[in-house]
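Just so you know, the sequences run in chain order A and B.
Be aware that the first sequence starts at 0, since it is given in numbering that gives the first Met the number 0, and climbs by one per residue.
Be aware that the second sequence starts at 0, since it is given in numbering that gives the first Met the number 0, and climbs by one per residue.
No lab work stands behind these hints, which were simulated from the structure alone.
Don't be surprised by glycine CBs; every beta carbon is placed ideally from N, CA and C.
Don't take every hint at face value.
[To be verified] Label-pair distances were calculated between CB atoms; the ranges are: (1) ALA46(A) with GLU101(B): 16 to 26 Å; (2) ALA61(B) with LYS1(A): 46 to 56 Å; (3) GLY57(B) with GLU32(A): 23 to 33 Å; (4) ARG60(A) with GLY5(B): 23 to 33 Å.
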Amino acid sequence: MKATARGLIGVAIAAAVPLLYFRWWAKEVGIGESTWPCWATIAAGIAIAGWGALRPPVGTRRGDRVVAAICLALSVGFGGLFGWYTLGISYELPAPAWSELRLGRRLPGVKVRTPDDRETSLLAESRTGSLKGRKLLLTFFRGHW
Amino acid sequence: MRELRGLQLVLDGVRAAGGEIVVVSKDSPAELAELAQEHELAFLLLSDPDLALVDAFGLRHAGADVFRGGDLARPAVLFFDSSGELSDFFLTDNWRQRLRGEDAIARVRAMR
Chain A
0 MKATARGLIG VAIAAAVPLL YFRWWAKEVG IGESTWPCWA TIAAGIAIAG
50 WGALRPPVGT RRGDRVVAAI CLALSVGFGG LFGWYTLGIS YELPAPAWSE
100 LRLGRRLPGV KVRTPDDRET SLLAESRTGS LKGRKLLLTF FRGHW
Chain B
0 MRELRGLQLV LDGVRAAGGE IVVVSKDSPA ELAELAQEHE LAFLLLSDPD
50 LALVDAFGLR HAGADVFRGG DLARPAVLFF DSSGELSDFF LTDNWRQRLR
100 GEDAIARVRA MR
């Protein structure tokens, strides 16, 4: 296989990881969750690009060597981009407003909407709706987080 | 999505303990309807696009929505007893740590 082909395949693999991570992985699996397959794929891409740039077939022209070297640099760059995003992101969370989160406080009457676009509130649901007489586990969906 | 699927898995246990699960999101009602259908979620989803309910509990996480921009709720699980009083809560300092399903059921069961 030509050095340029190796380089292009390698950079394509390395570039696919950040792209797929944003488009699919982060939303389906979660940001920062189980990223080792991503890292393994990037490593494979860099290895293939490196194979083209550092071990080109005998007789490879200078221009092809340059292209292969650029592909290797781009592969490493995509790996860095992925690492910057997944490792640089903060896992720390702000403290809640404790004055609002005191034990014994009642369900609020803040208006929210159901999936069928009906206006309601936790207070209303607990008095007359589907939550009447029930204990409640309330949590907050952060999307892909 | 894994978090929602996890909640669906413990829903029967929570209901057997006398509880219900409610999930609040900044997604629109239409988005929540699609989400519930796609993932076959049987618990109540509520749309809070302005985070008014999130603010009522002091749980706003400024700048956390890196995909759409804006704020999100800080990860938290609140437990209200059958009279509607906040009885317990789970907060983490690291969003990768989540309440385990069996712990959630146990906390619901422990409430009056």
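So, going through the hints one by one against the coordinates:
A hinted range of 16 to 26 Å for the beta carbons of ALA46(A) and GLU101(B) is inconsistent with their spacing of about 42 Å. Here the CB-CB span from ALA61(B) to LYS1(A) is close to 51 Å, well matched to the stated 46 to 56 Å. Judged by the Cβ atoms, the range 23 to 33 Å given for GLY57(B) and GLU32(A) holds: they are separated by roughly 27 Å. For ARG60(A) and GLY5(B), the hinted distance range of 23 to 33 Å is not satisfied, since their beta carbons lie about 55 Å from each other.
When the structure is compared with the earlier hints, violations turn up for hints 1 and 4 and for no others.
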